[in-house]
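Undergrad: Below are the chains, spelled out letter by letter.
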Amino acid sequence: MTSIEVGAIVAERTVHLTRESLVRYAGASGDFNPIHYRDDVAQRVGLPGVLAHGMLTMGIAVETIVEWLGDSGRILEYGVRFTRPVVVDAENGAELTVVAKIGAVDDEALRVDLTVSHGDTVVLGKAQVRVRAAA
Amino acid sequence: MPVNPDLVGREFPPTPPYLVGREKVREFARAVFATDPQHTDPAAAQALGYADVIAPPTFAMVVQDLTLQQLLSEPDSGIALERTVHAEQRFRYTRPIIAGDELTARLQVTNVRAFGKGAMVTSEAEITDAAGAHVVTAISVLLIGGEE
Chain W
5 MTSIEVGAIV AERTVHLTRE SLVRYAGASG DFNPIHYRDD VAQRVGLPGV LAHGMLTMGI
65 AVETIVEWLG DSGRILEYGV RFTRPVVVDA ENGAELTVVA KIGAVDDEAL RVDLTVSHGD
125 TVVLGKAQVR VRAAA
Chain X
35 MPVNPDLVGR EFPPTPPYLV GREKVREFAR AVFATDPQHT DPAAAQALGY ADVIAPPTFA
95 MVVQDLTLQQ LLSEPDSGIA LERTVHAEQR FRYTRPIIAG DELTARLQVT NVRAFGKGAM
155 VTSEAEITDA AGAHVVTAIS VLLIGGEE
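First to last, the protein sequences are chains W and X. Note that this note's numbering has the first sequence beginning at 5, numbered continuously upward. Note that this note's numbering has the second sequence beginning at 35, numbered continuously upward.
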């Protein structure tokens with residue numbers, strides 16, 4: 005493994021979400037809340053539009069580091085706060101950008117901090133992954 | 035009905051065993067844009083020392099969701115789905131979930147805190163395998179809005 009200094013970017017990617025992505029995640033996860041695929045329902049409950057599932061954003065974010073980790077079984081703990089919604093436009097979808105940086109290092113574990121943005125807005129708070137140090 | 039503070043400490047019966055299928059892991063991996071072959075190719079997972087494909091880390095939610103259904107259907111909970119927002123989520127892993135695992139989850143409500151007119155409800159689902167060994171604990175914080 006190369007540099008694991010605090011502040012080093014270890015992985016990043018941009019994912020383009022469409023309404024199809026949301027329907028696919030609904031089916032895979034079993035979360036069929038209609039605010040994730042129906043404009044009329046989203047509007048009725050006062051949302052700015054159809055939203056991505058928070059758990060989809062959380063899932064996309066952590067997968068960004070799996071190739072760098074080698075073995076996703078090294079993940080000891082992963083937590084996020086859902087701070088801002090991701091509106092997925094019917095025509096244009098939405099772009100999520102994930103940047104993974106080393107936040108802290110000790111003998112047994114690393115902390116990887118994930119910054120997940122939709123445009124200029126950071127959508128997850130305290131998105132941190134604790135990872136077992138490589139053998 | 036407001037959120038019932040007596041939920042704290044309440045333990046729920048274990049969920050029926052959930053058998054993790056290889057195709058379900060592949061389907062979930064595709065849905066979260068998990069492109070690494072360890073999630074889809076048994077040979078790639080075996081090269082890392084696992085018996086079968088490795089579920090993406092947030093797959094634990096599929097099993098945890100069975101416990102949240104128990105919580106929502108508790109008649110005295112005061113938790114209404116249409117006023118519920120997922121505020122925080124955390125997973126603590128002993129090991130990753132692997133296709134072929136038979137998983138059971140046991141829910142406990144650990145905190146109910148007033149929040150404006152509503153409440154923040156923290157629950158922990160302990161997920162164990164067929165041998166009873168710990169796999170992952172899934173912790174959710176739900177924000178339940180007050181009634182108008």
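Source of the hints: derived by calculation from the structure; they are not laboratory data. All C-beta atoms, glycine included, are put in the ideal place defined by N, C-alpha and C. Mixed in with the good hints there might be a few duds.
[As the list claims (entries may be wrong)] Covered, in the sense of this in silico footprint (three residues per stretch, anywhere, with C-beta under 8 Å from a C-beta of chain X), are these stretches of chain W: (1) 39-49; (2) 59-65; (3) 84-91; (4) 104-110.
[Claimed, not checked] Just a few of them, taken from the derived set where beta-carbon distance is under 10 Å, the chain W residues facing chain X: (5) I13; (6) V14; (7) S76; (8) G77; (9) L80; (10) R115; (11) T119.
Undergrad: All hints are to be evaluated individually against the structure, with a verdict given for each.
TA: Outcome of the hint check:
1. Requiring three or more residues with a Cβ within less than 8 Å of a Cβ of chain X, the coverage given for the region 39-49 of chain W is violated, as only 1 such residues are present.
2. Figure legend: the region 59-65 of chain W, annotated as covered by chain X; annotation consistent (5 residues with Cβ-Cβ distances under 8 Å, at least 3 required).
3. Counting residues of the region 84-91 of chain W whose CB lies closer than 8 Å to any CB of chain X gives 3, so the stated coverage by that chain holds, three being the minimum.
4. Figure legend: the region 104-110 of chain W, annotated as covered by chain X; annotation inconsistent (0 residues with Cβ-Cβ distances under 8 Å, at least 3 required).
5. For I13 of chain W, the shortest C-beta to C-beta distance to chain X is roughly 18 Å, which exceeds 10 Å, and the interface hint is violated.
6. Because the smallest distance between the Cβ of V14 of chain W and any Cβ of chain X comes to about 14 Å, over 10 Å, the interface hint for this residue is violated.
7. The interface hint given for S76 of chain W holds, since its Cβ lies 6 Å from the closest Cβ of chain X, which is under the 10 Å cut-off.
8. At about 4 Å, the closest approach between the beta carbon of G77 of chain W and any beta carbon in chain X falls short of 10 Å, and the interface hint on this residue holds.
9. Taken as an interface hint, L80 of chain W checks out: its beta carbon lies about 6 Å from the nearest beta carbon of chain X, inside 10 Å.
10. The closest approach between the C-beta of R115 of chain W and any C-beta of chain X is roughly 14 Å, which is over the 10 Å cut-off, so the hint fails.
11. Proximity of T119 of chain W to chain X is violated relative to the hint, the smallest CB-CB distance being about 17 Å (cut-off 10 Å).
Violated hints, in rising order: 1, 4, 5, 6, 10, 11; the structure is consistent with all others.
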